[in-house]
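Peer 1: Protein chains in written order, with this note's numbering: chain A, 151 to 260; chain B, -15 to 105.
The reader is advised that the hints may include incorrect statements.
What the hints assert, rightly or not - Keeping only pairs whose Cα atoms sit at most 30 Å apart, straight-line, the calculated DSS-like set for lysine-lysine is:
#, chain 1, residue 1, chain 2, residue 2
1, A, 256, A, 218
2, A, 194, B, 49
3, A, 218, A, 194
4, B, 49, B, 60
5, A, 197, B, 49
6, A, 218, A, 205
7, A, 194, A, 205
8, A, 205, A, 256
9, B, 60, A, 194
10, A, 197, B, 60
11, A, 218, A, 197
12, A, 256, A, 194
Hints were generated in silico from the structure; no laboratory data involved.
What you are looking at is a predicted structure, and each value in this text was computed from that prediction instead of being measured.
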Amino acid sequence: QSALSQPPSASGSPGQSVSISCTGTSSDIGGYNHVSWYQQHPGKAPKLIIYEVTKRPSGVPDRFSGSKSGNTASLTVSGLQAEDEADYYCNSYADSNNLLFGGGTKLTVL
Amino acid sequence: QVQLVESGGGVVQPGRSLRLSCAASGFTFSAYGMHWVRQAPGTGLEWVAVTWFDGSRTYYADSVKGRFTISRDNSKNTLYLRMNSLRAEDTALYYCARDLYDTGPTALDYWGQGTLVTVSS
Chain A
151 QSALSQPPSA SGSPGQSVSI SCTGTSSDIG GYNHVSWYQQ HPGKAPKLII
201 YEVTKRPSGV PDRFSGSKSG NTASLTVSGL QAEDEADYYC NSYADSNNLL
251 FGGGTKLTVL
Chain B
-15 QVQLVESGGG VVQPGRSLRL SCAASGFTFS AYGMHWVRQA PGTGLEWVAV
35 TWFDGSRTYY ADSVKGRFTI SRDNSKNTLY LRMNSLRAED TALYYCARDL
85 YDTGPTALDY WGQGTLVTVS S
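Please construct the entire structure, taking both the sequences and the accompanying hints into account.
Peer 2: What follows is the structure, encoded as structure tokens:
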């Protein structure tokens, strides 16, 4: 059960777009469409922002989008806003009823 | 609105046991899979365990398998995590979270605020 791989940090200026990658294997991201993304502000609980690779829960702005190619999933945040500064975690179902998280990416809005 | 409130955390010595609880409200608890997820201080999220809507199936991360037991009481709308043989590396904020579906694990759409467990002599 190895964690999924995310870059430790990402950054962008207000209004720009930034993408965060999440790399796994054929036993997790590559084999299933249960890839999710979570946003976590300091001292707060995580919040689901993308599920099943591309779907957004009600209330999540369409500035957030998800995609997947092979063993790598990506989260794109368009039109960056100050409040988007947070930690972002990817998550995938894995073989034998496991759930893996990525190590997290700290997004800084410059 | 959906609410998940964890309790039962505290300071415990290595090798001892602890039971966490999560009180659910605002939704039909018996219709959803439920999880425990933990976050060690200053680090990322780690999935711990899931139980199906009826408690018939449970699955665990390798790091806790054989030591932790997830369970639920649908008559009390409460989720539990029994933690035995605790180790220093189990020190973390433990979150209760709801699965999108009745089984799981898939995605976690609602989270509690967490309860802190510190394993230290």
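Peer 1: Would you mind marking each hint as holding or not holding in the structure?
Peer 2: These are the hints, each one checked on the structure:
no., hint, result
1, 256/A x 218/A, "holds (20 Å)"
2, 194/A x 49/B, "holds (28 Å)"
3, 218/A x 194/A, "holds (27 Å)"
4, 49/B x 60/B, "holds (26 Å)"
5, 197/A x 49/B, "holds (26 Å)"
6, 218/A x 205/A, "holds (12 Å)"
7, 194/A x 205/A, "holds (23 Å)"
8, 205/A x 256/A, "holds (22 Å)"
9, 60/B x 194/A, "holds (26 Å)"
10, 197/A x 60/B, "holds (26 Å)"
11, 218/A x 197/A, "holds (20 Å)"
12, 256/A x 194/A, "holds (14 Å)"
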